[in-house]
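2 protein chains.
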Amino acid sequence: MSEAVSATKMTRAEYEQRVPALRTALLRAQDELAERDFPVVVTLDGPDLIGGDDVFEVLHEWFDARFLRSDAFGPPSDAEKRFPFLWRYWNVIPPRGTILLLRRSWTASAIVRRTFGELNDAELDLRIEHLQELERQLVAAGALLVKFWLHVDQAVLQSRIEKARKRNRYAFRDEEWAIAKCYDEGREVARRVLAATDQGWAPWHVLRGEDRRWRNLEVGTILARALQARLAQTQPTQPGFRTVSRAPSAPRLAQVDPRAPELECADYDRQRDELQERFTQLTRKAEHRGLGAVLVIEGWDAAGKGGAIRRVTHAMDAQMYKIFPIRAPDEREKSRPYMWRFWRRLPPMGRVSIFDRSWYGRVLVERVEGFAAEPEWRAAYAEIEDFERQLVEHGYAVYKAFLHVSEEEQLRRFEERRDTPYKRHKLTDEDWRNRDKRGPYEAAIDEMLARTSGAVPWHVVPADDKRTARLAVLRGVVDVLERALARQRES
Amino acid sequence: MSEAVSATKMTRAEYEQRVPALRTALLRAQDELAERDFPVVVTLDGPDLIGGDDVFEVLHEWFDARFLRSDAFGPPSDAEKRFPFLWRYWNVIPPRGTILLLRRSWTASAIVRRTFGELNDAELDLRIEHLQELERQLVAAGALLVKFWLHVDQAVLQSRIEKARKRNRYAFRDEEWAIAKCYDEGREVARRVLAATDQGWAPWHVLRGEDRRWRNLEVGTILARALQARLAQTQPTQPGFRTVSRAPSAPRLAQVDPRAPELECADYDRQRDELQERFTQLTRKAEHRGLGAVLVIEGWDAAGKGGAIRRVTHAMDAQMYKIFPIRAPDEREKSRPYMWRFWRRLPPMGRVSIFDRSWYGRVLVERVEGFAAEPEWRAAYAEIEDFERQLVEHGYAVYKAFLHVSEEEQLRRFEERRDTPYKRHKLTDEDWRNRDKRGPYEAAIDEMLARTSGAVPWHVVPADDKRTARLAVLRGVVDVLERALARQRES
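So the protein sequences, as listed, match chains A and B.
The first sequence lines up with residues 1 to 491 when you count with the working numbering.
The second sequence lines up with residues 492 to 982 when you count with the working numbering.
Please keep in mind that the hints were generated in silico from the structure rather than gathered at the bench.
This one's a predicted model, so the numbers in the text were calculated from it and none came from an experiment.
Each residue gets a CB set at the ideal place from its N, CA and C atoms; glycine is no exception.
Residues from chain B that keep clear of chain A, each with C-beta distances beyond 12 Å, as calculated:
{"no.": "1", "residue": "502"}
{"no.": "2", "residue": "527"}
{"no.": "3", "residue": "607"}
{"no.": "4", "residue": "633"}
{"no.": "5", "residue": "653"}
{"no.": "6", "residue": "683"}
{"no.": "7", "residue": "690"}
{"no.": "8", "residue": "712"}
{"no.": "9", "residue": "723"}
{"no.": "10", "residue": "745"}
{"no.": "11", "residue": "861"}
{"no.": "12", "residue": "885"}
{"no.": "13", "residue": "920"}
{"no.": "14", "residue": "938"}
{"no.": "15", "residue": "944"}
Quick list of in silico lysine to any residue cross-link-like pairs, SDA-like style, CA-CA up to 25 Å:
{"no.": "16", "chain 1": "A", "residue 1": "166", "chain 2": "A", "residue 2": "183"}
{"no.": "17", "chain 1": "B", "residue 1": "914", "chain 2": "B", "residue 2": "898"}
{"no.": "18", "chain 1": "A", "residue 1": "166", "chain 2": "B", "residue 2": "801"}
{"no.": "19", "chain 1": "B", "residue 1": "914", "chain 2": "A", "residue 2": "217"}
{"no.": "20", "chain 1": "B", "residue 1": "917", "chain 2": "A", "residue 2": "226"}
{"no.": "21", "chain 1": "A", "residue 1": "334", "chain 2": "A", "residue 2": "237"}
Produce the complete structure using the sequences and hints provided.
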């Protein structure tokens, strides 16, 4: 990041002489991009409020607007506040081949919220880490990220606002007035955020906005050059990723005997009824208090994930929850960073999302079967930790279980599925193949348990006895919900 | 629709004997469906509140839940209330090859809202018409729609609720208590709604829920049969559609001279500034009052749609609006009823959606180029009227303009595009081909104007002079916003 480049006064004649070639270059790049396998994300932030909107508009004119995606964000709405703060940005992440133009991105949001005192310093630090990780994931998935910081001095900003207000040409929100007023505080926060997010693979372009023509042409020129450079690359440099160390206290598969003592049927019925009653009450309380929950059920093939989930959902009415069975990503999902499809499936506060398999596919099946390259699944430990930390910080109750069955019990269930007509569809050739890779899977599971226990603890559930497993999951979800409700009451 | 079939008591032994074959049949049908070009929508409504949730759960067990979509709706949330009432259901309409299971559909919602007095009789009638049209569009797009009405007597319902409450096994919302209390009123409303929506191509299946096993097996059996029957059809019977008569007062192209007098530059600048100032104020007022707007800009190729839209957006800040350039539908869109992609692009109240071309493509380019079959574009007049009526009833300000240019002026603009490097991308071979079909397009436009002026009037804007056209559009949007705000104040 360089200090703001000084604006040079540009004459109308020079502007009009230079614009046609620039437009042609931008259109050509946009056209070429359509056939390529990466997206482009352009962000426009900074205190030049009027100028930013102007650039936004001009870029709509210069690019072929029919193929341009764009979004502009103000203060989060009440509906948006029901999700973690990055949710609304994840929702608009574009597929390969397209350009997304973002007016006021996640950067502006972090700066404004801190400037207005809605975040303290420690919370801003957390938020910066999440921004860094978001931008890293975008670039790691191939995106070209071009970030503009549009700067004007306070005096210029205020006089422009006054002028606009007199002419009723730009009706500021309270928040925008406040930005102009808290200019100095905002400037300090911005320095911090910009310095922390100025990476080689996603640098800041800081521009002064005193001269409209110079600024617009400069934005267009930087953008055209960045596009051309990225289009010329076939192997873009990959951003590094953070390594999450193994937690010594995390559970290991070998410590858990899948053959837990079998439960008597009557015992099971009684305990299940009690836990379900308790869970019903808790979910209703959670709904009233606006507390959401995210439940992750992982496990070996035929470990009884579906059955365990049904014992949980049985205690909720249908509109409270959604079950998301996670399979291989489809084309739309492959065209975005890996975590995209999970962000989109988060529940609003007061609701429950249940994942039947989850983002852990990256470090399990995708790793073992080679669907993800090693840097991809290695990077996933930090991606997952960052994601789960955001869930917890937002206030969700989060539970994650791995249902552990022995090889013998798994074989018995495979054979039962094979021999029961209405269970046969659950058994595929892939299941048999996976079974032959028990060793590599065990290694992957143990590494997963060790490297992803930081934000949310893992529960390894003995699952050779279905009743025992179901009660353990019920007990687990009751427990996290109880604790999340208690935490909420304290704060 | 037959009167509720009486429940027969079914023994556990009979149930367990019959379930396996049923599950196998359902799974086979689901499997076969995956390769077919239509979706299945199953709705579960009716006063058997506990039973409905039970059926919902059981169907998750019987089908392969990994490939089942499901959704359950309660009272609309505040976020959902910002859209017309059918919006949340349109949002979940599934693509071909899949099954969507809906617990409490649009039917339950209409009945409950009327029973609680939130709708009067006339409003219920309107709502019923919208439900009929929604279901017709689903079936016309190929969907199999299977609707279950799950009935129990009030005494049974109340005793079940009491029992469930004592055990804390089912925590009712206030609304559900009220349903049990207002049972008789609800029953009358339900009769009306069910009678009106009981069509041959989407009949009601009314079942009594006194006996759980009988009911579940009956639902499964009806479903399996309906699936098998539909899978055996290659040419399902098409529902008829309503013909919208030509409005004698609607504008016709021939009445509008595209060569309006040219405007002096200075005059234009002054009027534009005034209108934009006015519009800025109005949109800010609309935002405060939660009034949304939908602007539709249609017109000949090169009629200046983009330029007119930019003059409107220039008066708004970036987060207020979204522009949707409408092109040929993509695969996801083709897999749903035609109106699906427009429903998804409606603005929440307080925001503005601008359509650069729109749902009128169905009766213009799709008709003239033969992309839509004649019954499809003929049915679209009623589909469009129904859609626009819902927009108006919900309180949106809606504006629609057709920009009219003469053949000579269009040729001049085509040539200019051809000769200007950065405009060339806007001109395609298709534009030249369309130009050769001026006659058929004129006929289609006139029929469109005549048959879609019922809910929202058309503005045919002379557009040979760009300045005149831009001012007319600005004046038009100022006008609809002003009137919608005045209407809102009255009510």
